[in-house]
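Going line by line, the protein sequences match chains A and B.
Everything in the first sequence is counted per the working numbering, starting at 1 for the first residue and increasing by one.
Everything in the second sequence is counted per the working numbering, starting at 1 for the first residue and increasing by one.
Treat the hints as calculated values from the structure; they're not laboratory data.
Note that the coordinates shown come from a computational prediction; the quantities given were computed from them, not determined experimentally.
All C-beta atoms in this analysis are idealised placements derived from N, C-alpha and C, irrespective of residue type, glycine included.
Certain hints may be false.
[As the list claims (entries may be wrong)] Taking lysine-lysine and the PhoX-like style, the derived pairs with C-alpha atoms no more than 20 Å apart in a straight line are:
{"hint": "1", "chain 1": "A", "residue 1": "Lys3", "chain 2": "B", "residue 2": "Lys56"}
{"hint": "2", "chain 1": "B", "residue 1": "Lys100", "chain 2": "A", "residue 2": "Lys71"}
{"hint": "3", "chain 1": "B", "residue 1": "Lys100", "chain 2": "A", "residue 2": "Lys53"}
[Stated by the list, open to error] Here are some chain B residues the structure puts well away from chain A; computed CB gaps all over 12 Å:
{"hint": "4", "residue": "Pro10"}
{"hint": "5", "residue": "Thr62"}
{"hint": "6", "residue": "Thr105"}
Listed here are the chains, written in short residue letters.
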Amino acid sequence: DVKVTQSSRYLVKRTGEKVFLECVQDMDHENMFWYRQDPGLGLRLIYFSYDVKMKEKGDIPEGYSVSREKKERFSLILESASTNQTSMYLCASSPSPDRGYQPQHFGDGTRLSIL
Amino acid sequence: QKEVEQNSGPLSVPEGAIASLNCTYSDRGSQSFFWYRQYSGKSPELIMSIYSNGDKEDGRFTAQLNKASQYVSLLIRDSQPSDSATYLCAVNRDGTGFQKLVFGTGTRLLVSP
Chain A
1 DVKVTQSSRY LVKRTGEKVF LECVQDMDHE NMFWYRQDPG LGLRLIYFSY
51 DVKMKEKGDI PEGYSVSREK KERFSLILES ASTNQTSMYL CASSPSPDRG
101 YQPQHFGDGT RLSIL
Chain B
1 QKEVEQNSGP LSVPEGAIAS LNCTYSDRGS QSFFWYRQYS GKSPELIMSI
51 YSNGDKEDGR FTAQLNKASQ YVSLLIRDSQ PSDSATYLCA VNRDGTGFQK
101 LVFGTGTRLL VSP
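For reference, chain A alone in the conformation it holds in the complex:
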């Protein structure tokens, strides 16, 4: 089974802090994704990465950055946390399209509160 592990289930931070959310997958997947999920808005893509050190902006990248130094790890960084970044953050991974159409598999999520 695919295992996507997010470092924290719950996190509370203060406005202005730099926040790191970590995600690790154990299936040698090329693609990794960061989403946030808010009531009524659904899942929205923040950033994704298709290879080590490669990244692409998603639909809502403002206020976020990412890092992928190793294939199995994809980090989301809130440069200066704000209250409107309070949300559920979900990491997902999937194999390269070279392996055909494949679904994304999600981690358990991190519920982040910015006070």
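The hints should help you fit chain B onto chain A, whose structure is shown.
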């Protein structure tokens, strides 16, 4: 027009009935379609994938795809209270070799005993 549209529900069905969940999408070039189940406070869990027109069955679940009508549905037979959850429809974005998905906002299903 939203890229992926679902009725938010709730869709209420009695135990043992068939639940029918619907999804429409706007990108004619989409090639892969997924249904995820999400329990409250949990992350989405893949339950079905479908890539070709027609029906695909897996246990109590049947996914139906009609690309001409840009419509995908999920049928749950013999619904159980444990099926109560939000069901997310996800569609790949055409032209993105990296398989980015667009998600609907989900349909909440309530199965009453």
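*Thr105/B: least C-beta distance to chain A exceeds 12 Å?*
Given a closest Cβ separation of 4 Å, the condition is violated.
*asked:* Holds or violated: Lys100/B and Lys53/A, Cα atoms, limit 20 Å.
replied: Judged against 20 Å, a Cα distance of about 18 Å means the pair holds.
*Check the non-interface label on Pro10/B: least C-beta distance to chain A beyond 12 Å or not.*
holds, 14 Å
*Minimum Cβ-Cβ distance from Thr62/B to chain A exceeds 12 Å*: Nearest chain A Cβ is 17 Å from Thr62/B, so the label holds.
*Lys3/A and Lys56/B: Cα distance at most 20 Å?*
The given pair, whose Cα atoms are some 26 Å apart, is violated under the 20 Å limit.
*Given the proposed pairing of Lys100/B with Lys71/A, does the C-alpha separation stay at or below 20 Å?*
Given pair Lys100/B, Lys71/A holds - Cα atoms ~18 Å apart, limit 20 Å.
Comparing the model with each earlier hint shows violations of hints 1, 6; every other hint is respected.
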